[in-house]
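2 protein chains.
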Amino acid sequence: MAAETLTANPPVDFQTAPEHYRHWTIDIEGPIAFLTMRVKESGGLFPGYELKLNSYDLGVDIELADATQRLRFEHPGVKAVVIRSGQERVFCAGANIRMLSQSTHAHKVNFCKFTNETRNAIEEAGETSGQRYIAAVSGSAAGGGYELALAAEHIMLVDDRSSSVSFPETPLLAVLPGTGGLTRIVDKRKVRRDRADVFSTLEEGIRGRRAVEWRLVDEVVPKSSWNETVKARALELAARSDRPDGATGVRLTPLARTITENTISYPRVSVTIDRGGRVANLTVLGPTTPAPATAAAALAQGDQFWPLAAARELDDAILHLRLNETEIGQIVIRTEGNPALALSYDALLESAASDWFIREVRLLWKRVLKRVDLTSRTLIALIEPGSCFAGTLAELAFTADRSAMVDGALSGNAGPAATIQLSPMNFGAYPMSNGLTRLATRFLGEPETVTRARATIGTALDAKAAAELGLVTFTYDDTDWLDEIRIMLEERASFSPDALTGMEANLRFAGPETMETKIFGRLTAWQNWIFQRPNAAGDDGALKRYGSGIQPTFDRKRV
Amino acid sequence: MAAETLTANPPVDFQTAPEHYRHWTIDIEGPIAFLTMRVKESGGLFPGYELKLNSYDLGVDIELADATQRLRFEHPGVKAVVIRSGQERVFCAGANIRMLSQSTHAHKVNFCKFTNETRNAIEEAGETSGQRYIAAVSGSAAGGGYELALAAEHIMLVDDRSSSVSFPETPLLAVLPGTGGLTRIVDKRKVRRDRADVFSTLEEGIRGRRAVEWRLVDEVVPKSSWNETVKARALELAARSDRPDGATGVRLTPLARTITENTISYPRVSVTIDRGGRVANLTVLGPTTPAPATAAAALAQGDQFWPLAAARELDDAILHLRLNETEIGQIVIRTEGNPALALSYDALLESAASDWFIREVRLLWKRVLKRVDLTSRTLIALIEPGSCFAGTLAELAFTADRSAMVDGALSGNAGPAATIQLSPMNFGAYPMSNGLTRLATRFLGEPETVTRARATIGTALDAKAAAELGLVTFTYDDTDWLDEIRIMLEERASFSPDALTGMEANLRFAGPETMETKIFGRLTAWQNWIFQRPNAAGDDGALKRYGSGIQPTFDRKRV
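Chains as they are written, first to last, in our numbering: chain A, 19 to 577; chain B, 19 to 577.
Honestly, I wouldn't trust all of these hints.
Listed next, the stretches of chain B that the computed footprint assigns to chain A, with coverage defined by at least 3 CB atoms under 8 Å from CB atoms of chain A [unchecked claim]:
hint	region
1	185-195
2	205-212
3	340-348
4	413-423
5	526-535
6	539-545
Quick list of in silico lysine-lysine cross-link-like pairs, DSSO-like style, CA-CA up to 30 Å [as the list claims (entries may be wrong)]:
hint	chain 1	residue 1	chain 2	residue 2
7	B	384	B	208
8	A	384	B	206
9	B	241	B	206
10	B	208	B	58
11	B	241	B	384
12	B	206	B	482
13	B	482	A	208
14	A	70	A	249
15	A	206	B	58
16	A	206	A	482
17	B	241	A	208
18	A	575	B	575
19	A	482	B	208
20	A	70	A	58
21	A	482	A	384
22	A	206	B	482
23	B	384	A	384
24	B	249	B	206
25	B	206	A	482
26	B	58	B	70
27	A	208	A	384
28	B	241	A	206
29	B	241	B	70
30	A	384	B	575
31	A	208	B	249
32	B	70	A	206
33	B	241	B	208
34	B	249	B	70
35	A	206	A	249
36	A	575	B	384
37	A	58	A	249
No lab work stands behind these hints: they were computed from the structure. Glycine included, every Cβ here is placed at the ideal spot set by N, Cα and C.
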């Protein structure tokens, strides 16, 4: 097994800002943003490895994720984004091998998941937000480096006899390209499968015309006209964008966050950890004031606009639990607040959907809810008196593996009786990775129930009504509530975490498959398997032996 | 790691016949066949475990696969099949735990793959062949037992306060239901995901009305009317079948097979193993006489009808390589023969498609080709002078991860120049697990090429034409052929077998996903991962500790 070096390290912080970046710079020229990768060798998140050749670790990707998010909110006028390298002969060498070889299994898996989510967000920016990405590949784009380029809508490659794209993972490292690459080459770029096979075993990769012919890149460009061609392509893409000219962006200010041994709290989200029970109690507070009347008034609130602020806090809390609290197997989700106020925000999100800022807020919620779906912890929603499972916040109950609702009053809780209220936002704004809404996925076997549920918009559903409609798993009255919940949590905590991860990954995403579900379901599961196998992760395996000059030793059994 | 006990055992033989069955009986009553499971406790394939409570090992499933195949060919008049238990209180307890805990990782994975293929064949029988399955569940159907029932089109459960369906794998064994169960409950039966979650953690399972309400079974039936209701349902399903009345079946006689240390040979298929190179050279011989003129004449040839005989031999050879030659990482596929004769069979398969026997032969080829696709070995097709990659046999080249074709003559080979010839059979008869033809999958990025390929039906394509059309990966002339092939095989043999398995599983099935690809791609990969993890397979893991009275020890990290 890999050494457990990384667990002793300080918690990973997902918050950053351009003024703290060590590896990326953002340069804006009119409608084009240039995202330049110049990874600082000594800037690794943990000790023990150097980030040579623009290779990356989680810290590099946290900056990238931050940059892509800020470009959307802070720069409404940016319509095309060019990802390029700030180094001479290399675009990006992919994930750092020494980092991988010294990482725990959990870190490797979480690292891959986060980088995949970042690349999906890049793809989504072009598809839904009018901010379209170009990968301008000069130098070699190897492994994760090429996978980063694959997230872009248009891949350009310098035609200079050395710039190339490659997947050297299988021949060199005995693992897979783990950031969606195998799926994207055959499913997004539709590379012929036998060529994809050849390409994925070719250490040195492919360059020049052949890379275009094999559909691996969209164009090759002579070095002499590289810069102007990149800019011309970016302007062409920008011209097709519907992002506004001259709008003012919203600055994403640092989150107000306090972390103690067993809590993490923000103004609108709090987490309390029960280490004995291996449970994180996560509570989202609904808004305390009504929504502003217009998109312009919302924009004036900046990043304190409730849905934006709550989504950012929730996202950070989930990432913290994923990376820094790996022994906490269950996340119990609660909400608190006034459903009518929450629904006033949904009304604005719906009526002003075409406004650029409101669109970004909706899309952020979509991404954050997907992040919750993809979190490999048991998710349990508890719907109690005083809760606020209304509209957008009700989606949290539908992300859960199971939910329970209090029927009537609850001793020691003076809040109004628990209800669920649906809003138009539950019927299309937040599709899951499978492309369906959570309600459509939930009622795959009885689509007419989705219609019945839609007819309840505007009605507060009590426990009986919610259960009748199939929106909750269990309802209990005051007499049983505490015992039933305690038993449910204790039982779950007794099961094997691995089996639960596999089980939940298979039950959460019924229905159609998409590139995203393939990446998170199929590709990730294979990579996880390979990451455990001695051929890759063992002391004589390829990850450990890489760079030592000693050949790895392989178990030759084909499984 | 699990003990490697099973590798020392004799090779697994996939050939059997009803007169040798130890665990199943087939009883035919008019249009209904009853498949009764009465597993012999001492009848395990390997020593070291007893098959109690109708639990199964690979040997039990080999009989089931044989029975389902024979019902289709030998009993054209059987229109409904009832799977039932011959034991009192148990329907089927699923895969035998002691067998699993003493098995190698490779055996567990191959065992699950084969049982999945058998269940898919059961599903396919109802969908395409008019032989529709009912699971008549009396007693408990646990884990793989319930998964067997899930393959049926209609699940009946005795309403007797003890008969139940359950997935106890996660709570009891720290593994997943590995035979498609998680996928089938949410995707086929469309059980609500939170109920699926509850069900999959409930050791004792669910019975009675609740099982119907949760969509886990189709009906519950009082014990008093059990037998007549089962028969009535079978007759109802039979009435909707298009299988013929009064037709004569085709007896599947034993394959003429000779196995030596490094060869396995049949009349139409031969395998030679190069242990040093870890390569199996598999050659299929085309027919030596023209096809019979009519379906009736084909029927008169019985199981010696060339396409039927060749498919059975190929299937057996692939299964042999999978289970008994795990260190052989590459299968090099060749054909030999007269393309015109092969195409005469395709013409009959196409013109007589509506005949029940011809339909079964086509469906058998479909299943066998899918078995090839799903074989976790590198598949390389070599198209040489004298080869017979025509129509149905050309599909073998399209199953391959890559192919190479000789351009012109080849020293030491006096056969006619290599060609590929397409027939109508390449355009719909043999869909892959993803529901597309191999050519449609190959040309996902350029669908017009499929149209161009179809226009070549009737033309023998030489190496240049085949390459131009994208039907082969490489072409080499005599000067380069031997070296290029040697280098390709040596290079492939040097890679990690695990990484290749994962890579190939991700590249072979681009395009849409189906329940089958979910089962083989997503669910299997997760199960493989879990099968490696100490929580399940370790010395203190749940599989090892099961039945010992000692609780397993779990690593609590959630990954």
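* Against the earlier hints, flag every one the structure doesn't satisfy and list their numbers going up. => Those not satisfied are hints 10, 11, 12, 15, 16, 17, 23, 28, 31, 32.
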